[in-house]
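So the sequences go chain by chain: A and B. 4 is the number of the first residue of the first sequence in our numbering; add one for each residue after it. 4 is the number of the first residue of the second sequence in our numbering; add one for each residue after it.
Treat the hints with caution; some may be incorrect.
When chains are identical, the list treats them as one kind, so a pair holds in a single copy or across two.
To be verified - Under the rule of at most 25 Å between Cα atoms (straight-line distance), these lysine-lysine pairs were calculated in the DSS-like manner:
(1) Lys52 with Lys15
(2) Lys16 with Lys52
(3) Lys172 with Lys91
(4) Lys114 with Lys126
(5) Lys52 with Lys18
(6) Lys263 with Lys18
No lab work stands behind these hints: they were computed from the structure.
There are 2 protein chains.
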Amino acid sequence: MSEINILGDAYKKAKYKVPGHGPRNVQVLKDALMEINEETESEMYGKGKVIDDFQEKMAKYLGKEAAVFFPSGTMAQQIALRIWCDQKGINKVAYHPLSHLEIHEEDGLKKLHNIKTILLADKDRVIQLEDITGTEEDIACLLLELPQREIGGQLPEYKTLEDISAYCKEKGIKLHLDGARLFEILPYYQKSAAEVCALFDSVYVSFYKGIGGIAGAILAGNQVFTDESKIWKRRHGGDLISLYPYIISADYYFDQRIDKMHQYYEEAKEFARYFNQCHGVSTKPLVPVSNMFHVQFDAPKEDMETILASIYQETGIGLTSYVREVSNSASNYEVSIGDLYAQLPKEELQKVFTLLDEKMKT
Amino acid sequence: MSEINILGDAYKKAKYKVPGHGPRNVQVLKDALMEINEETESEMYGKGKVIDDFQEKMAKYLGKEAAVFFPSGTMAQQIALRIWCDQKGINKVAYHPLSHLEIHEEDGLKKLHNIKTILLADKDRVIQLEDITGTEEDIACLLLELPQREIGGQLPEYKTLEDISAYCKEKGIKLHLDGARLFEILPYYQKSAAEVCALFDSVYVSFYKGIGGIAGAILAGNQVFTDESKIWKRRHGGDLISLYPYIISADYYFDQRIDKMHQYYEEAKEFARYFNQCHGVSTKPLVPVSNMFHVQFDAPKEDMETILASIYQETGIGLTSYVREVSNSASNYEVSIGDLYAQLPKEELQKVFTLLDEKMKT
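With the rest of the complex left out, here is chain A (with noise of 0.2 Å):
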């Protein structure tokens, strides 16, 4: 507990931060309302200008015919999984083993839903065609998660995806896109996100991640998913009568991140390369295809919390608030890039580097 202090306070008190966007206050959303004219009024129970709009400009940035904005990821899937099955009358679906849905969720999808996973593919890597062609269990939808976020933030090839989704349609099973990082990926695939969700059935994105909005999500799809999905919405209680604070804030991050994922994804490169200089440190993967990637260390949680906070105190650079144990030799964390990387200053956080090599040796 003391050592998590440790480097939690460390990374408290550093003047500078590597991940996201900055901290995440009230600042976040007073800016969003800032040039909001005060007359804009609610929406009501998912009817109203507001809502309408924002749901349009996401349906023509996807591709998709209509789009809905939920208060969350997990209701949002959740609901995309139960109308395919519904419309299939087969209550089995297929994911990572790391799907979000499988350990992020509390099971909502089975307790809820009464929908059964096959879990697809070794959870260390992404899913290939022939973990599909391989399993002879009856689905009503594939979900695959672009990137897939608990391995660093890995993907497929493109064209592996392309197959995956011609594969699907020729066996009548759904394919949903688990897009919570779809905008940070597109840089990598250079593709439009359109291109990449017309290999889909339905497709969330989120706008909290990449995008830095306060919360929410937007399920895409063709006009009668969605319409029931509106249904499905309220049976979940997430058909508030005001969601426009979300969607005030997703809409303005939108505008001003949208055109910086390549940005984002060119610093994780150069961020990934200065870790893996270092003795003893890698990331996963090796070369990032996002806004993502994961640190190893080759040392113990409590080892590297102790080497992190004395990296803090000496350059003023914050890299982590934690570290997970991933065994008694080897441990990691979570990168995500953002607004503040470009921030930062580079010979300190070169510095930064040449500490963590030498403390790494030792």
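Fit chain B to the supplied structure of chain A, relying on the hints for placement.
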């Protein structure tokens, strides 16, 4: 359709509006944020000062061990009933035929939680003890909505509540309070919230009705119950990274309006008296027991739209934007008194009723 627009348009143009606190626009959020320090940190997935403080404050106010902030009452109440059903091993609950869960939630309780519902009492009156003792069904939980909104906001005698509570305790039936308008009925019962809530095992209250916040709800009960409700909140997709826009505004308007409930109640009674003096008009209940009631017209919807629109034009006072068809010869609408009532020019308001009385006679 054009008839609807006549009334809606006239209402929009009216200089004064009778119901509510004012327009539901972005100003409502900006006002709540005005005094909040920009550096106030967001809570993270249900943890942090901004949510902890408000949950504690509401637990104390409601006299319960613990409280959890939810994005919506729909979510909070389904979860409360699910927890009690799981605990009893009985997937059956009882409530009024016009309960919010029965008519406004697209059957979420049934479709997500597989809970069966027993409808107690005639839909035109509130639940009495005999309705409960008279049912032979084994139920895990009884939900009481105070006041019963869909019949004008009626209340049972307080003694009835005490009797129902004692009976449920004796029989091992959990008693849940749908307190969407709990704050609004305390002046009539002349009880504290904690006194009323002591009769119930779990309680839900809302922050965008009498309180006039943006959205959001509190679910309160004992610690084991609220802890479990947090797990279900995550399953429902309600455990957002940031709920603070709702929490901050709920807190702000709670402080601003909680002591005005008595005023709204007195004003509602005055307003109802005006209606009851008019030919062919009556209120339900005849004497309101909260800030709300229904106005019943002995005239068809279309006639009332024309009559009311002309009154708004003559007096500058808008009563309602809609009337609902009750039968071929009757219609109604719902009144909810808030801050605006006190600002009405009283002479013009008298004129509204002189005109209404005249027009209803012809």
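Here is how each hint holds up against the structure:
{"no.": "1", "hint": "Lys52 with Lys15", "verdict": "between (41 Å within a copy, 17 Å between copies)"}
{"no.": "2", "hint": "Lys16 with Lys52", "verdict": "between (43 Å within a copy, 19 Å between copies)"}
{"no.": "3", "hint": "Lys172 with Lys91", "verdict": "within (13 Å within a copy, 45 Å between copies)"}
{"no.": "4", "hint": "Lys114 with Lys126", "verdict": "within (23 Å within a copy, 32 Å between copies)"}
{"no.": "5", "hint": "Lys52 with Lys18", "verdict": "between (42 Å within a copy, 23 Å between copies)"}
{"no.": "6", "hint": "Lys263 with Lys18", "verdict": "within (24 Å within a copy, 47 Å between copies)"}
No hint from the list above goes unmet by this structure.
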